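Chemist: Join the two chains into one complex using the hints; note that each chain is given alone, in its own frame.
Spelled out, the chains give:
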Amino acid sequence: MPFEVLVALRFLREGRIQTLLILSGIGVGVGVIVFLSALIGGLQDSLIERTLGTQAHVVVRAPEDVVRPVSESSPGLAVAPRLERPAQRLRSIVGWAQTLDLVRSLPGVRAAAPTVAGAAFALRGLANRSVALRGVEPASFRNIIDMAPRLTAGEFRVDATNAVLGVELASDLGVSVGDKFRLETPAGRSDVFLVAGIFDVGNKDLNERWVFVSLRSAQTLLDLSGGISTIELKVEKIFDAERAAGEIAARTGLQADSWMKLNRQLLVGLRSQSASSWMIQFFVVVAVALGIASVLVVSVVQKSREIGILKAMGTRTIQVVRIFLVQGAVLGLAGSILGSGIGAALSYFFASLATNPDGSPTFPVNLSPVLFLGAAAVATLTGLLAAVAPAERAASLDPADVIRYG
Amino acid sequence: MAEPLVVLDGLTKSFGTEIVTEVLHGIDLEVLPAEFTALVGPSGSGKSTLLNLLGLLDRPTSGRIVLAGRDTTPLTDDERSAVRGRTLGFVFQFHHLLPEFTALENVMMPMLAARGREEKGMRERALSLLEEIGLADRASYRATKLSGGQQQRVAVARALVLEPPLVLADEPTGNLDTESGAQVFELLRRVSALHRTAFLVVTHDERIAARCDRVLTMVDGRIRSDVRNGRP
Chain A
1 MPFEVLVALR FLREGRIQTL LILSGIGVGV GVIVFLSALI GGLQDSLIER TLGTQAHVVV
61 RAPEDVVRPV SESSPGLAVA PRLERPAQRL RSIVGWAQTL DLVRSLPGVR AAAPTVAGAA
121 FALRGLANRS VALRGVEPAS FRNIIDMAPR LTAGEFRVDA TNAVLGVELA SDLGVSVGDK
181 FRLETPAGRS DVFLVAGIFD VGNKDLNERW VFVSLRSAQT LLDLSGGIST IELKVEKIFD
241 AERAAGEIAA RTGLQADSWM KLNRQLLVGL RSQSASSWMI QFFVVVAVAL GIASVLVVSV
301 VQKSREIGIL KAMGTRTIQV VRIFLVQGAV LGLAGSILGS GIGAALSYFF ASLATNPDGS
361 PTFPVNLSPV LFLGAAAVAT LTGLLAAVAP AERAASLDPA DVIRYG
Chain B
1001 MAEPLVVLDG LTKSFGTEIV TEVLHGIDLE VLPAEFTALV GPSGSGKSTL LNLLGLLDRP
1061 TSGRIVLAGR DTTPLTDDER SAVRGRTLGF VFQFHHLLPE FTALENVMMP MLAARGREEK
1121 GMRERALSLL EEIGLADRAS YRATKLSGGQ QQRVAVARAL VLEPPLVLAD EPTGNLDTES
1181 GAQVFELLRR VSALHRTAFL VVTHDERIAA RCDRVLTMVD GRIRSDVRNG RP
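Chains as they are written, first to last, in the working numbering: chain A, 1 to 406; chain B, 1001 to 1232.
Quick caveat, the hints were computed from the structure, so don't treat them as lab data. A portion of the hints provided could be inaccurate.
Per label pair, the in silico range of CB-to-CB distance [to be verified]:
1) ASP401(A) <-> ILE1019(B): 17 to 27 Å
2) SER1014(B) <-> MET1(A): 39 to 49 Å
3) LEU1127(B) <-> ASP401(A): 32 to 42 Å
Model, not experiment: these values are computed from the prediction. Note that the Cβ used here is the ideal one computed from N, Cα and C, for glycine as well.
Okay, chain B solo, but in the shape it has when bound (with noise of 0.2 Å):
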């Protein structure tokens, strides 16, 4: 068995200081590399709120993270902002592109600010991921002239450009239409499986976690299943 991407060791998340709500109450989570996995769960489960402290985004109460092989508890926000753009990609709800940048600058945006300016290949590089999600000939459009599921796989090949082994995804079909969603689910896989890449989408729709590898299911701040469909 491979060696896990993330472990998740007695995660525990607390909000509030005078009426302190735990919303997670020990979480302990493995991730193998290139698993596809679905998180669904009713609303207030705390799947948002996992996906933000796996994501370097906050901050757990209690308890450990641990990122391809690194511990990310004691680090400062600078080493984790580093860690993030290193190992970890995310595609929005909202496909939060920014709307002052064109497609290509888009998805170019993460290899900026890791290197500080533009160097020789990262426009190929950019474009290639364009072309592999079917919108090279999109790439000198703003942002906000795409349509929403365009804004989506420009969102995801943003995500891939750094080669991350892990791409967080929250309710990443949420806001399309039935036929969007399906096209970005499509690729999502697509890409998953062309660059051995783990998956962890966040989704309320039933349909999109069933053709995932494997679907963990959460209530009340707790992993109540962990089923991996029809794979070793």
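Bound conformation, chain A alone (with noise of 0.2 Å):
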């Protein structure tokens, strides 16, 4: 063991109470930077897994239409044209097929799926909904929303005349796994389809309005044959959407938006929530970091006779200094393993608190090795700077002084 580590940990060891009581203080700092990580961490995954469980991360579309002036103006007559902004009306992307290859060679993504979405009524005797169609291939479409953990009831089969809808919109169209209703378009396009399954997203929007059928029936249905509306798609990184997004619209020349872009609120939410955690934590490490520093000043003026003898044996300035950081470190880095242990059963103590009525808790807690490693690292760098200002203090006592003076 180096000499100054040594003599380092035998200085910790004798402090005792002074010891215990710091790095009890260090303990509960890094308790709470722990669990409130823990805590913020978990809401976010949870609402970030909720929000994006039913979206896509980027959706893909065809260009809006756009009305240019034709007019041109002629010497002497003056033009002010009024543009009126085009009805947008459903189209296909051109080229879907070498677009849908190129995106799933995009670093970065992870699955893309080709869909039709528009607009139709479900009809079943009386009952009239409006709802939004949804034309998938179940087997690309599952890499974007798995449904089948999602199902209620039957499975997610949407080939030939098969569909799959919503538990609000089957009680009330008034059908179950098995029956029969119809899907209408705007346009007067009609078929029947045969419910194949019956999901439920937690969303009770969604739940009423989204109605799966093939690919190719809502072609059909939507007057689309042969094209598809949108790409949807997952990046192996949430927060790479937007890049990956802009990357895609510059490519292709297509409309691609973000799950970003698409729910901003969110998106500042999350933020705002992180910089206040950020906030909470860095007082925190300050507040850590004052207690380590106060502590050590004064075990300096404990120890001021021990650090003259130890000069006065040849004990080196450097040799000193070095005596003092390895106890702020070792301060910070024990602190924060015992401090680990508090914000880890905190962590688990207020998950247990409050859970939903299945007893699943309302957000699981995110206690990530990283996290532990981060705590210790930062409170081992904080031990060591709050350390400084004592060791330079340590280093300039005079061991005559001590020495003429006992």
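Modeler: Quick look at the structure:
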């Protein structure tokens, strides 16, 4: 063991009550940091998970129709055109097969699926509901939104004339698995479908509006034969979605929107939550640093005799500095281990308090090893920095003073 | 005649910045290897100041200190620390052991500080010194669990562990009862002869001074007399 570490550890061990108190202080501080990170992290993960569970990360669609003025101004004639925004019609993505291949080949893109989306009415008997028709390929769509675990009845089968709809819509129409209902588009095309499955995505609006059919059925109903209206994709890292959307838009000339753009409010909410959590953690770190520094300053005064003896025995100034830096680092590291335990205990306790009726935690706390390692690194570094001033004070002690006056 | 171990050349020391008090007025002195010297004199005569200068714990206002042939005046603090570790051992009046450590660890401490970590043979060397001072059985005792005389003997072992050619002792028996004091003094004489170590012992005790090879008497910041007791 290096000389400096040996002396530092012995000084701390002999500090007893003082060392214990500051260790508890650091422990509580680090505990708060760990708990807060776990809580906010878990909360945010669960919010994002809930939001993105029923959303693609990026949605690519054909660019909107725009109107260009055709009249030219000629000398002597002033034209004041009023450009009226055109009504947007459902359009196919031109050359969508190539676009799909291109999108799938982009780095960071995990999966992509062609879909057809449009408006329709679901009819049965006297019931008439406006719905969002979604034509999908089950194989590729499963990687975008996995509907299978969200089914309450039947299965996610959307071939031929099979359709899957939400629980609210099923109850509105009074259908269950195996029953028939009719889908009709505003343009007047219609077809009869068989209920193959019923889903519940935990959102009443979506449960009322989504109707999944095969890609081909949707193409026929919406008069898009052979075409698709949107490409939906998932990216590897959700916060890269905006960047991926920008790249796709630039390379294809299509309109690409990320979940971050479509859920601006959620994103702002998450960011301000993170900011306030960082703020609290920053002040806790400052408090911990001040605590360590003050204990070490006191320790320098208490140990001034020992420091004088060490210097008289040939201990170099830099060694004295290191003895105190090591003490700061050891306090930080040991305190962070204690704090990780406190934080984990707090997290589990809190998670067990706030539970859903079925006993599952309202929001899972996110206790990753990275969190503990990060807390340990921050605390150790804080201890080291907090020890700089006391260490310099110890180094500047004059051994002659100490020895002269005992 | 052997090469002198210590040469002091016109050493002065003043304290204070506004009201300057000169406590040493030009000390010239040579100390020979293995010489056992007592430094006596009334309080305030400058004995401790001289010892601190000689121990490189403080810097002279003017003059030179040559230790083992090396002029220490131009050295930096860290170089002085290194010279101190190599050339000098200290025994203080208040036996200054580190209370956090055992007797054995206290004796090892100068070696640890010099080498940066424990190396082979250090423990054995410290133990053999403890044996020499008759405290081998107290090796694992905390410094605070030893009597005053025992602590001072451990301090002597610590001063000798790096085999310095010179040990400075500031009233090494001043804080002890007569019997313990006599024991410690006997030990100093014995190890001085055994290791061929020069000692400079500050003392108030006339009986101790009388049993040293050489007695320096200081009065008012000057060396008043320099007597060698019956040796050439």
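Chemist: Going through the numbered hints above, which ones does this structure break? Give me the numbers in ascending order.
Modeler: none
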